[in-house]
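*Asks:* Here is what each chain is made of, one letter per residue.
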Amino acid sequence: MPLLRYIAGRLVVYGLVIIFALTVLFFVPRLGPTDPVEAMLAKVASQGAYMDPAQVDTLRQSLIDTFGLGGSLWEQYGAFVNRIIFSADFGPSLSMYPTPVMELIWNALPWTFGLLLSSTLIAWVLGNFVGLLSGWRPNANSSRVMEGIAICLYPIPYYILALVLSILFSYVWKIFPLTTTIRGAPWSWELVTSIVWNSFLPAMSIVIVVFGWWVISVKAQTTALKEEEFSRYARLKGLSDGRILTRYILPNAILPQITFLALQIGLMFNGSLITEILFDYPGLGLLIYTAVLQGDFNLLMGTISLSVIAVATATMIIDLIYPLLDPRIRHR
Amino acid sequence: MRSFFTHAPFRLYLGLLLLAVCVVLGGILPWLAPGDPLVWYSAPRNQNPSAAHWLGTTSLGQDVFWLLAYALRNSIILGLIVAGLSTIIGVFLGLAAGYAGGWLDRVLSFFMDALLCIPTLPILILMAALFGGQLALPIVGLLLVVFNWPYPARQVRAVALTMREREFINVAWFSGESSTRILVRHIFPYIAGWSAANFINTVLVGISTESALAVIGLSSAQQATLGTMIYWAINYQALLGGKYVWIGSPVIAIVVLFIGLFLVSSGLSMKSAARRMSV
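Going down the list, the sequences are from chains A and B. Per the numbering used here, numbering of the first sequence is gapless, rising by one per residue and ending at 332. Per the numbering used here, numbering of the second sequence is gapless, rising by one per residue and ending at 611.
Calculated from the structure, these hints are not laboratory results. Predicted, not measured: the structure shown is a model, and the values here were computed from it. Do not take every clue at face value.
[As the list claims (entries may be wrong)] Pairs of lysine to any residue residues, derived as SDA-like cross-links and limited to a Cα-Cα distance of at most 25 Å, are as follows: (1) B/603 with A/139; (2) A/174 with B/574; (3) A/174 with B/583; (4) A/226 with B/341; (5) A/226 with A/251; (6) A/174 with B/342; (7) B/603 with A/141; (8) B/603 with A/259; (9) B/603 with A/228; (10) B/603 with A/138; (11) B/603 with A/263; (12) B/603 with A/146; (13) A/174 with A/148; (14) A/226 with B/343; (15) A/174 with B/380; (16) B/603 with A/227; (17) B/603 with A/192; (18) A/174 with B/580; (19) A/174 with B/567; (20) B/603 with B/342; (21) A/174 with B/573; (22) B/603 with A/148.
[To be verified] Pairwise CB distance ranges, derived in the manner of DEER restraints: (23) B/424 with A/260: 22 to 28 Å; (24) A/4 with B/500: 37 to 43 Å; (25) B/439 with A/186: 50 to 56 Å; (26) B/355 with A/100: 48 to 54 Å; (27) A/328 with B/424: 29 to 35 Å; (28) B/374 with A/325: 55 to 61 Å; (29) B/355 with A/107: 43 to 49 Å; (30) B/569 with A/95: 22 to 28 Å; (31) B/439 with A/100: 36 to 42 Å; (32) B/493 with A/254: 23 to 29 Å; (33) A/113 with B/372: 41 to 47 Å.
[Said to hold, decoys possible] To list a few chain A residues with every Cβ distance to chain B over 12 Å, as calculated: (34) 52; (35) 54; (36) 154.
We treat Cβ as the ideally placed atom computed from N, Cα and C, and that holds for glycine.
With these hints in hand, go ahead and build the complete structure from the sequences.
*Replies:* If you want it as structure tokens, here you go:
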């Protein structure tokens, strides 16, 4: 049962990675020279809200709970892990009191996932299509032009592209909205068009970069695979170009992309955070930014822990999908 | 395949040219600056590009051209330090893991995999928010090193693993060469090309992550970097005022710098791949 052993091995590593990540998160607030609780209280006080000493004490206690700063280091650690993994409870949001942090996160998650998933999918389909075609005739002028464009697009960070797109299409030519405002009743057509319209620029900033990479890598793959024995055999058999591309070359070109996706998911997540902030898009990134601006540390700890866990989980899922797609590993 | 190889140098040269522009702008020009461009009201405010102020001035009275030169210098220095340290640590630990094997390999491999799964930016945002709302550049650099050494380490480990089985390593071993000498003389040449490409790539990732942090105002405000320049421009409403040069110049600088870095990095890895094949 090599497949089962592979999956079990991955799951063990995943569990260890999550514990490692939580440990990192646990120690971060303890690394700095300042006490985060006092820094936070000072920030609340500086924002002009008057609080009597009893309120300050309640707030301090709540913050100490959030960071798990009470008791010995071991007790703190146990309580922290328990809080995140088993009860998934980050307390109430301090800036939108008394809404629980988890509720805010659940509202934001579909936006971030929707944005990342749809833009990755669009970029993947387009990138594979263009990459395959230009890899098939690597020396044609159109292929060279496409690769040149891809090379110029790929190194640009997502947020720079987001900025450029918003300058061009929201300030200079006022085509798309500057900030996200979703209108329409639930489940109405208006809501759907509003979501698509508002998500277009943020999604494009991710699509363009990922598209660039996929063109570059699929083109190189295709050019190499075309020279392989099995492609020559297919050609000699008299198969059409389209069939050779889709049945012989594409499946082989897809596999390395999955490994790439596993490595890139963290970077893409980083990018989507900033893109959301720049476009006021109501996902996890904007929530993190709100938490930072408002000094809402319950919300901050919750959103950051969740993002770290989400990225680690996504990486693992992709790793687990890999053998399902590669028959050579599956049937060994 | 031939066009592939004849292509590589062109890509490399174009990238080096773009990088040279950035290095001249960021490495040499700051020495010639008339004063510290960060100081407010050291120039007239809200000027359009002119002979006296090539890229105009900000609404805080800073000369955009000199500000850009300083920002480029700081960003490039940060990127170089991050990439240098990450590469040295990564190559060293990767060689150690691949060459020694056993429990050392297992522990190191776990840390490489775990660190690769953790997204850098949220951790940086958390630290910045906890410690006064801004992170000093050295701390940002240090954290970036912590998160970037696993990339070279993993690759180097894989190469070292295959190297252990090669005949010429055995020959060297039995002819009495020391481990250090085998590492330096026989294994290092195999990873040098790839490491150089990865080094350039890490420069890019380092600058990019710091800028991402800076764009949302969480990096150092004491030093100009490309990201903080964008942050200031957004924060002081450069766009609403139609001051596209102010916000556009750091954006274009980042794009030119990153395309240059990417071309050099992929040119280098093409070249080393070509050399491996011709051997």
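*Asks:* Could you run down the list of hints and mark each one as holding or not?
*Replies:* Now for the hints, and whether the structure bears them out:
1. A threshold of 25 Å between alpha carbons decides the hint, and for residue 603 of chain B with residue 139 of chain A the separation of about 19 Å falls inside it, so the pair holds.
2. Using a Cα cut-off of 25 Å, the hinted pair residue 174 of chain A and residue 574 of chain B holds, with the two alpha carbons roughly 13 Å apart.
3. Pair hint residue 174 of chain A plus residue 583 of chain B holds up; C-alpha atoms about 20 Å apart against a cutoff of 25 Å.
4. The hinted pair formed by residue 226 of chain A and residue 341 of chain B meets the criterion: a straight-line CA distance of about 24 Å does not exceed 25 Å.
5. Simply put, residue 226 of chain A and residue 251 of chain A have alpha-carbon atoms about 13 Å apart, close enough for the 25 Å limit, and the pair holds.
6. Restraint check: the Cα-Cα separation between residue 174 of chain A and residue 342 of chain B comes to about 39 Å, which exceeds 25 Å; the hinted pair is violated.
7. Using a Cα cut-off of 25 Å, the hinted pair residue 603 of chain B and residue 141 of chain A holds, with the two alpha carbons roughly 23 Å apart.
8. Straight-line distance between C-alpha atoms of residue 603 of chain B and residue 259 of chain A comes to about 23 Å, which keeps the hinted pair within the 25 Å bound.
9. Restraint check for residue 603 of chain B and residue 228 of chain A: the C-alpha separation of about 22 Å stays at or below 25 Å, so the hint holds.
10. Taking the CA atoms of residue 603 of chain B and residue 138 of chain A, the gap is near 18 Å; set against the 25 Å cutoff, the hint holds.
11. Between residue 603 of chain B and residue 263 of chain A, the direct Cα distance comes to roughly 24 Å. Compliance with the 25 Å bound is thereby established for this hinted pair.
12. Our distance criterion of 25 Å between C-alpha atoms is met by residue 603 of chain B and residue 146 of chain A, whose separation comes to about 22 Å.
13. A distance of roughly 29 Å separates the Cα atoms of residue 174 of chain A and residue 148 of chain A; the hinted pair therefore is violated under the 25 Å criterion.
14. Restraint check for residue 226 of chain A and residue 343 of chain B: satisfied, since their Cα atoms lie roughly 23 Å apart, inside the 25 Å limit.
15. Restraint check: the Cα-Cα separation between residue 174 of chain A and residue 380 of chain B comes to about 23 Å, which is no more than 25 Å; the hinted pair holds.
16. For a cut-off of 25 Å, the pair hint linking residue 603 of chain B to residue 227 of chain A stands: about 20 Å separates their Cα positions.
17. For the hint linking residue 603 of chain B to residue 192 of chain A, the alpha-carbon distance of about 49 Å lies beyond 25 Å, and the restraint is violated.
18. Simply put, residue 174 of chain A and residue 580 of chain B have alpha-carbon atoms about 18 Å apart, close enough for the 25 Å limit, and the pair holds.
19. A hinted pair counts as satisfied when its Cα atoms are at most 25 Å apart, and residue 174 of chain A with residue 567 of chain B qualifies at roughly 20 Å.
20. The suggested pairing of residue 603 of chain B with residue 342 of chain B holds, with an alpha-carbon distance near 11 Å, which does not exceed 25 Å.
21. Proximity of residue 174 of chain A to residue 573 of chain B is assessed by CA-CA distance (about 15 Å); at most 25 Å being required, the pair is judged to hold.
22. Between the alpha carbons of residue 603 of chain B and residue 148 of chain A the distance comes to roughly 18 Å, so the proposed pair stays at or under 25 Å and holds.
23. The given range of 22 to 28 Å is respected by residue 424 of chain B and residue 260 of chain A, whose C-beta atoms sit roughly 26 Å from each other.
24. Judged by the Cβ atoms, the range 37 to 43 Å given for residue 4 of chain A and residue 500 of chain B holds: they are separated by roughly 39 Å.
25. In this structure the hint that residue 439 of chain B and residue 186 of chain A lie 50 to 56 Å apart at CB holds, the actual value being about 51 Å.
26. At roughly 51 Å, the beta carbons of residue 355 of chain B and residue 100 of chain A sit within the given window of 48 to 54 Å.
27. A hinted range of 29 to 35 Å for the beta carbons of residue 328 of chain A and residue 424 of chain B is consistent with their spacing of about 34 Å.
28. A C-beta distance of roughly 59 Å is found between residue 374 of chain B and residue 325 of chain A, which places it inside the suggested range of 55 to 61 Å.
29. Between residue 355 of chain B and residue 107 of chain A the C-beta distance comes to about 47 Å, which sits within the given range of 43 to 49 Å.
30. A hinted range of 22 to 28 Å for the beta carbons of residue 569 of chain B and residue 95 of chain A is consistent with their spacing of about 25 Å.
31. For the pair residue 439 of chain B and residue 100 of chain A, the supplied restraint of 36 to 42 Å holds, since their beta-carbon distance comes to about 39 Å.
32. Between residue 493 of chain B and residue 254 of chain A, the C-beta spacing of about 26 Å keeps the proposed range 23 to 29 Å intact.
33. Here the CB-CB span from residue 113 of chain A to residue 372 of chain B is close to 43 Å, well matched to the stated 41 to 47 Å.
34. For residue 52 of chain A, the condition that its CB be more than 12 Å from all CB atoms of chain B holds, with the nearest at approximately 26 Å.
35. No Cβ of chain B approaches the Cβ of residue 54 of chain A within 12 Å, the least distance being about 26 Å, so the stated non-interface status holds.
36. Not every CB of chain B lies more than 12 Å from the CB of residue 154 of chain A, the least distance being 7 Å, so the non-interface label is violated.
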